[in-house]
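Engineer: Each chain, letter by letter, is given below.
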Amino acid sequence: MSEKKVAVYICKGCDIGKSINVDAIQEAIDEDYDEIEADIWQTHDCLCADEGIELIKKDIGEGANALVVAACSSRFKTTDFLFDGCFTDRVNLREHVVWSHEAGHEDTQMLANDYVAMGIARVGKAEIPEPFSEEINKTILVVGGGHSGMTAALETAKAGYEVVLVEKEDKLGGWRGKFSRVFPTSSPYRELLEPDVNERIEELQGNDKVTIHTSASIEKIAGQPGQFDVTLKTNGSTENFRVGAIIQATGWQPYDANKLGHLGYGKFKNVITNVELEEQFTQGKVTRPSDGKPAKRIAFIQCAGSRDEEHLPYCSAVCCRATLKHSIRIRELDGEAQAFVLYKDIRTPGQFEGFYLRAQEDPGIFFMKGEVEKVEDAGGDNLTVEMTDTLIDEHVKVEADLVVLATGMVPNSADGETIRKYTDSLGIIEKGEEGAQLEMAKTTSEELKSYEGTEILNLDYRQGPDFPVLKYNFPDSHFICFPYETRRTGIYAAGCMRAPNDTDACREDATGAALKAIQCLELAEKGYAVHPRWGDQSWPEFAMQRCTQCKRCTEECPFGTLNEDAKGTPLENPLRCRRCGICLGACPERIVSFKDYAVNIISAMIKAVHVPDEDEEKPRMLGLICENDAYPALDLAGMKRIQHSAFIRFIPVRCLGSVNVVWIADALSKGYDGILLVGCKSGDDYQCHYIRGSELMGTRGENIQEKLKQLALEEERVRVEEISITDGEKLVQIINEFAEQIEEVGMNPFKGF
Amino acid sequence: MPEPTLLKPDQKFINRIIKSGGGNIKKCFQCATCSVVCELSPDRRPFPRKEMIWAQWGLQDRLLADPDVWLCHQCNDCSTHCPRGAKPSEVLAALRRESIIHHSVPRFLGKWMNDPRYVPLMLLIPTVLLGLALLLKDPIESVLGFSKQTGERIVFSYSSMFPHWLLISFFLFFSLLVLLAIIAGVMRFWRAMKAADARSGMTGPAKGLRASIIAALKNIITHDKFATCSTERPRFLSHFLVFYGFIALFVVSIWAMTAKYNPLIYSSFAYPFSFWSPWRILANVAGIAVVIGCLLMIIERLNENKKAGAGSYFDWAFIGILLCVVLSGFVTEILHYGRVEPHRHIVYFVHLVFVFALLIYLPYSKFAHMIYRTTAMVYAEYSGRDAEAPTAAAGKKQEGEKEEKNKAEESKE
Chain R
1 MSEKKVAVYI CKGCDIGKSI NVDAIQEAID EDYDEIEADI WQTHDCLCAD EGIELIKKDI
61 GEGANALVVA ACSSRFKTTD FLFDGCFTDR VNLREHVVWS HEAGHEDTQM LANDYVAMGI
121 ARVGKAEIPE PFSEEINKTI LVVGGGHSGM TAALETAKAG YEVVLVEKED KLGGWRGKFS
181 RVFPTSSPYR ELLEPDVNER IEELQGNDKV TIHTSASIEK IAGQPGQFDV TLKTNGSTEN
241 FRVGAIIQAT GWQPYDANKL GHLGYGKFKN VITNVELEEQ FTQGKVTRPS DGKPAKRIAF
301 IQCAGSRDEE HLPYCSAVCC RATLKHSIRI RELDGEAQAF VLYKDIRTPG QFEGFYLRAQ
361 EDPGIFFMKG EVEKVEDAGG DNLTVEMTDT LIDEHVKVEA DLVVLATGMV PNSADGETIR
421 KYTDSLGIIE KGEEGAQLEM AKTTSEELKS YEGTEILNLD YRQGPDFPVL KYNFPDSHFI
481 CFPYETRRTG IYAAGCMRAP NDTDACREDA TGAALKAIQC LELAEKGYAV HPRWGDQSWP
541 EFAMQRCTQC KRCTEECPFG TLNEDAKGTP LENPLRCRRC GICLGACPER IVSFKDYAVN
601 IISAMIKAVH VPDEDEEKPR MLGLICENDA YPALDLAGMK RIQHSAFIRF IPVRCLGSVN
661 VVWIADALSK GYDGILLVGC KSGDDYQCHY IRGSELMGTR GENIQEKLKQ LALEEERVRV
721 EEISITDGEK LVQIINEFAE QIEEVGMNPF KGF
Chain U
1 MPEPTLLKPD QKFINRIIKS GGGNIKKCFQ CATCSVVCEL SPDRRPFPRK EMIWAQWGLQ
61 DRLLADPDVW LCHQCNDCST HCPRGAKPSE VLAALRRESI IHHSVPRFLG KWMNDPRYVP
121 LMLLIPTVLL GLALLLKDPI ESVLGFSKQT GERIVFSYSS MFPHWLLISF FLFFSLLVLL
181 AIIAGVMRFW RAMKAADARS GMTGPAKGLR ASIIAALKNI ITHDKFATCS TERPRFLSHF
241 LVFYGFIALF VVSIWAMTAK YNPLIYSSFA YPFSFWSPWR ILANVAGIAV VIGCLLMIIE
301 RLNENKKAGA GSYFDWAFIG ILLCVVLSGF VTEILHYGRV EPHRHIVYFV HLVFVFALLI
361 YLPYSKFAHM IYRTTAMVYA EYSGRDAEAP TAAAGKKQEG EKEEKNKAEE SKE
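One line per chain: the protein sequences are R and U, in this order.
Those letters in the first sequence? Residues 1 to 753, per our numbering, in order.
Those letters in the second sequence? Residues 1 to 413, per our numbering, in order.
Treat each hint with caution, since some may be false.
Claimed, not checked - Which residues of chain R face chain U? A few of them, derived with a C-beta cut under 7 angstroms, are:
#, residue
1, GLN360
2, GLU361
3, GLU394
4, VAL398
Unchecked claim - Far from chain R, some chain U residues (derived; all Cβ distances over 12 angstroms):
#, residue
5, ARG62
6, TRP190
7, CYS324
8, GLU333
Hints were generated in silico from the structure; no laboratory data involved.
These numbers come from a predicted model, not from an experiment.
Glycine included, every Cβ here is placed at the ideal spot set by N, Cα and C.
Make a model of the complete structure from these sequences and hints.
Structural biologist: The structure is reproduced here in structure tokens:
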């Protein structure tokens, strides 16, 4: 970037001009702020109007290239103030100053002065990012040839992309290929359909953009989005090729019924699972395994092991409809047969109510709500199922020839992080370490033995061979905010492996994941970030000569971006990066920086603030707030004209996890009296846009407390909070409480040094 | 924990319920809206939800021994509010029909009554029996030495055709048979209800049999339960008219038939009645009431069939025969005053056939609801079905009653 020419534009519209003295800002900055200078100062009544934009463009024509636009929140008119070849900082005078503070008050004016000064400081340091651009392969790898995988492959091919479809079995189709009938898929959702798997397989085989590998498994995937190098093993031979993005649709398996002894599985021959019943349907009749006689009275036990803390705590979403399907099929095959559905709740979402009605209306299908107590022998290979808590307020039992357990779905996922833990412990044992470390490794390897060989993608990632799983082993993302995303950029989960789904939802999932994969490739090609910093062109740069190989960045990156060499030096994979800046926050040596977001840029902003002397009795607080939730929440509070303390200055950060502890030290030595850190919600049902940012801040908090102790300061001066985007009022409450707390604690003794 | 009850669905029973009006039974998803909106349902073990589940499961034994089926007056509040369109009121009506057929003695007559194919046979039986009585009238008379009635007054009466001794003995004989059938049916039903209650652990009677009967009769006389209906309010009026009209006609008929042997009869109450005799006026008014009541019922069924249900053959047969009885009676009366010969005698015979049919089929037709509903209501009182742990509302009601009583006493003073 050529020499910087800083131009400041202050808008007077939307009450700004009425509330503060816009012209006084320049005077104040010239007088009271050291090292804060701008070349051009302009004010305008309505900066976003054509006239205002023209004003800026004219200055740009005359060389202005570092723009400070002090107007509304950057969440409004976002693209209006972006100009080629210029770096723009948006100073939020509207929501964060005039709409949330007393008009004409001296503190409000000081706040505006500070924010403009911080803006000038930022544009003075920041540079225009240049995208990381490399050659990209646009083939998409689909892992799993079931309903979801086939749909994903077809949709991707239809969108014009090359697809490689990998299936571990010898033919495509998955579970759906093994079912004799499937749920209805269109209104009125009543009658069973024959599966259309063969047409789909033919369609795939006939599509020249699709390459199919059956009886295949993945030996290794190395690289990054756009440059994944895949090693595939098929019938003993290996094959190498490159793909750009990956869709994992490895499906599900039924819950292990051997664990359901209390329902008679394994104990009685005539207790089978719904999957075993499906196998019987393919032969066109339902018989009793004990004697091969036709089953006339068939009892279905719903939620067999599902919604049960000891087995599967969740609902698998489809077992109810599967049982409706089975009972209808039983009646179709044998008009004399009776089906008893023993359930806790019947869950038939949306239009599938019609399917439920269809089954209900059949006089030979009986529904009974209650808790199944036990399955017992009734002689002659017959069974009785006992139920309590029924709707007729009685302890009842039904006699059946055949009992079918409606078992739930377990995802075919691999827990990458745990597998890594396991291999690490094996590594320690192999190395021949001694003492406590060896003991620990031994216990870990024993405990995690079941994870051996469970890899699916075999990713060459430092954080493990598969992506991390979340609740109940589903690698689900926060679906509202991050549909189909996983914690590995360029790899997307679809179908029953992502969450328990019916075939309709699988189709939707697969299409969504295909779209995500395509988006990723198109963005990667340009060197842009994917969601949630969509289109961001910055990427982390490592000043490697200062690296101490502490591995913090490689361990803390929520997306497994960084690999390590043998010594522990981070190996960059910019295309895996989501630009959250957690590595920047993690690095004690401060070697990580983005062109427009770096330790020195934020430090400069912190230091730009004018901190009044102790005797002025005007404390100053720093607020480092997450740009994803906290910042918009504060905007929202401003829009509602909710007032907050005028003594706090906010700096948006990419993620709370990107806060480097040095900023806190900087703030304290500058004379700030308190620091408030606000991130989004952490935890398993996370809303944190970078999954671990808030959580990491929590642990780093310990280091901060340490720092405070070193400086002989009160712990109360630093506070970490988590809020969600709708919590505007709560955030204001937190701010004001914190301000009161700081007033109680008193002024920072380092003020004025 | 008591031994669990074995649920053994009776598929044939379910199919019967579905065929005879309860076609929507399987739609019920057991939400209990019906029991909540029902004004008659008691707090403990409320109906009709449990009946809906039992019926879905084809639990014939329970349903046929269930007094609650009969506590329902089919006001249709449940069917109106049912979110699934399962029409509980229709199902209960079908169950009542099953109950009548099941408890009737002999049972085949109940089955015949519920099957339109048997209409000719069902009409033929009373015709033949009455015809036989007429044919045998003279021989019996001569054997017993009764003298033929003569004289002006007698000619205009029908005694010449059907002497009172014959009428009384004929009807008395069959009434006794019917009474036996009723007693047998009631006993079957009562025992079944008791056995079911014993199974579910209910303890001894809540009140004496006499008190129970009095309470039930009071209910029937005042039509209290009918009055709580909101959806089918008109049903209160139509049933009230038919009920009291029929009772009045019944009393007048007994009076007339027993005139000769009744020491109470004198002057204007003497038989045969003159046109302005209070008896005849009562009979005419009552007849009109029954006709109006029946017409109202028909109109309701036709117009409101979505709410009330169009009813089945069983229901229509009963309304039909009742109308036939009353209308043929009126025709006879008109022809009688017009002295239209010999038609009036023929119509009279037809009238007698209908009356006789109504009588002998009482335990098997919908008419039997009178018996079984009364039995169920008595049993409900007897077993304390209705008077379980007083709810807040009931408590208030009692308080209210107390206050009223106090007020009344105060005003007396």
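Engineer: Against each hint, give a clear statement of whether it holds in the structure.
Structural biologist: Status of each hint after checking the structure:
1. Restraint check, R:GLN360 versus chain U: the minimum CB separation of about 5 angstroms is within 7 angstroms; hint holds.
2. Using the Cβ-Cβ criterion of 7 angstroms, the hint placing R:GLU361 at the interface with chain U is satisfied: the shortest such distance is roughly 5 angstroms.
3. Hint status for R:GLU394 relative to chain U: holds, with the closest Cβ pair at about 6 angstroms, below 7 angstroms.
4. Because the beta carbon of R:VAL398 sits about 5 angstroms from the nearest beta carbon in chain U, less than 7 angstroms, this interface hint is met.
5. Look at U:ARG62: its CB is around 9 angstroms from the nearest CB on chain R, not clear of 12 angstroms, so calling it non-interface is violated.
6. With a minimum CB-CB distance of about 23 angstroms to chain R, U:TRP190 clears the 12 angstroms threshold, and the non-interface call stands.
7. At roughly 36 angstroms, the least C-beta separation between U:CYS324 and chain R is larger than 12 angstroms, which holds for a residue marked as non-interface.
8. Every C-beta of chain R lies more than 12 angstroms from that of U:GLU333, the closest at about 50 angstroms, which supports listing it as non-interface.
Checked against the numbered hints listed earlier, the structure breaks hint 5 alone; every other hint is satisfied.
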